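Visitor: One letter stands for each residue in the lines below.
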Amino acid sequence: MSAPLYGLVLAGGRSSRMGQDKAALRVGGRSQLEHAMALLAPHVARAFVSVRADQRADPLRAGFEQIEDSREDLGPIAGIIAAQQRFPESAWLVLACDLPLLDAATLAFLVRERAPEKLATAFRSSHDALPEPLCAVWEPASRAAVAAYVARGKSCPRKFLIGADVHLIDEPNPRALDNANTPEEYAEAMNTRGAAASAATRRLTVQYFALLREQAGRGTESLVTAARTPRELYAELARRYPFTLDPAVLRVAINSEFGDWSAPLAEGDAVVFIPPVAGG
Amino acid sequence: MDAANTSTSAPFRFVREPIDVEALRATLADPACGGYAAFEGWVRDHNEGQRVRHLEYEAYEALAVREAVRIVGEAVARFGVAHAACAHRVGDLAVGELAVWVGVSAPHRDEAFRACRYIIDEIKHRLPIWKKEHYVNGDSGWVNCERCAAAPHEHEHSHG
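The listed protein sequences correspond, in order, to chains A and B. Quick note: the numbering used here has the first sequence finishing at residue 280, numbered continuously throughout. Quick note: the numbering used here has the second sequence finishing at residue 1160, numbered continuously throughout.
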């Protein structure tokens, strides 16, 4: 039986390189903090924002349940420790508040791939292949190990995960965890979001099964595509992967229902191409 | 997931451990029923001239569960049976293991047999479930997929 999942958005940083509070920066018409809390909500029983003592009354943070850092000098791991102390029986879906490209499909994938028997489940960075500690599930079993790690004078959550028994998974969308620490990085991220949202393209999730999964070399991915229909999408994917199945033998599903090859695809749709079945 | 193997009366479930037939059968018990029919699909040691060592089942569970619930509902409506249920394994299975189970209870045997037959036939054709066979000679292949690049075909790999 896995532990209940609670959510924690880390919004206690100093934002020194950004020059302004990162949690308040706008993304998709709301603050980054609100964006992160909204992404968490479908997956967790309760969601909290991690704050420093002097941030408790901040209007942006006051609207959420808060967990206050007990250590001022440790950085993000302080928020994780405080959450684990307050609810030691819970697992924590921890998110940094400065992930403007994080999408619902990536988070759903993390939760689906969660391995409760490990200390944590985390993405392997698409940039350096190291674990991403601030979009990860931290299990209750990690609490003692984190405490011991900090007691040894260490505080880097990424290095903790490198040395721990962690389930590492690949990012379905390689840009989802790009963080924005400077005004330039934030502007670049906003451009990427704008491109994804423009009318000419849409962001889709594609899940692969059986032979298609093996040929794609992955179970799922999130992609931005100009394909307007499943037919166009399969043609695009068949150029990228060594698919042997002719579309004539496949069926298509959109958002977990059988669909039509010429149905218009919408932003956020989840598409599955169904190889010839062999149940029973 | 496997708690569902024994406790609930959901019309369909995927199971990662051996299917508990007695528990599933008990969910169909009804004093108004005089007939119970069941089908068990077992892992066979050969297919198309190849000797099979073990199998792997994979499913698109979100869609498969919806479709299976529809199939069971169709059987109940069409044949007027009292209760029907189905369980399908996913993961690795050895030769001889139970891969799929269908059970139906009804006032009389005829509709129980017919509904049971309907459910297993529809399950095999409509559910997004895939089977990878691992052969004694070391080869492996996804059933119904390895040759359909050339042309679609309606090949039936039935159990038993």
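By construction, these hints were calculated from the structure, which means they are not laboratory data. It should be emphasised that the depicted structure is a prediction, and the values quoted were computed from it without experimental measurement. It cannot be assumed that every hint is accurate.
[To be verified] When the alpha-carbon atoms are kept at most 25 Å apart in a straight line, the in silico DMTMM-like pairs for lysine to aspartate or glutamate are as follows:
1. K1124/B - E65/A
2. K1132/B - D1121/B
3. K118/A - D128/A
4. K1124/B - D128/A
5. K1132/B - D246/A
6. K118/A - D1121/B
7. K1132/B - E232/A
8. K1132/B - E267/A
9. K1132/B - D128/A
10. K154/A - E1061/B
Visitor: Would the pair K1132/B and D1121/B pass a check requiring their Cα atoms to be no farther apart than 25 Å?
Guide: holds (20 Å)
Visitor: Checking one constraint from the list: CA of K118/A to CA of D128/A, max 25 Å. Satisfied?
Guide: holds (22 Å)
Visitor: Between the alpha carbons of K154/A and E1061/B, is the straight-line distance 25 Å or under?
Guide: violated (43 Å)
Visitor: Checking one constraint from the list: CA of K1132/B to CA of D128/A, max 25 Å. Satisfied?
Guide: violated (34 Å)
Visitor: K118/A and D1121/B: Cα distance at most 25 Å?
Guide: Between K118/A and D1121/B the Cα gap is close to 41 Å, so the pair fails against 25 Å, i.e. violated.
Visitor: Does the alpha-carbon distance linking K1132/B and D246/A stay inside the 25 Å limit?
Guide: holds (19 Å)
Visitor: If you draw a straight line from the CA of K1132/B to the CA of E232/A, is it 25 Å or shorter?
Guide: Roughly 28 Å between the alpha carbons, so the hint for K1132/B and E232/A is violated.
Visitor: Decide if the proposed pair is consistent with the structure: K1132/B and E267/A, CA atoms, cutoff 25 Å inclusive.
Guide: Between K1132/B and E267/A the Cα gap is close to 33 Å, so the pair fails against 25 Å, i.e. violated.
Visitor: Please verify whether K1124/B and D128/A have alpha carbons no more than 25 Å apart.
Guide: Given that 25 Å is the threshold and the Cα spacing comes to 44 Å, the pair is violated.
Visitor: Hinted pair, alpha-carbon criterion (25 Å max): K1124/B, E65/A. Please report holds or violated.
Guide: Distance ~49 Å between K1124/B and E65/A Cα, so the pair is violated.
Against the hints set out earlier in the document, violations occur for numbers 1, 4, 6, 7, 8, 9 and 10.
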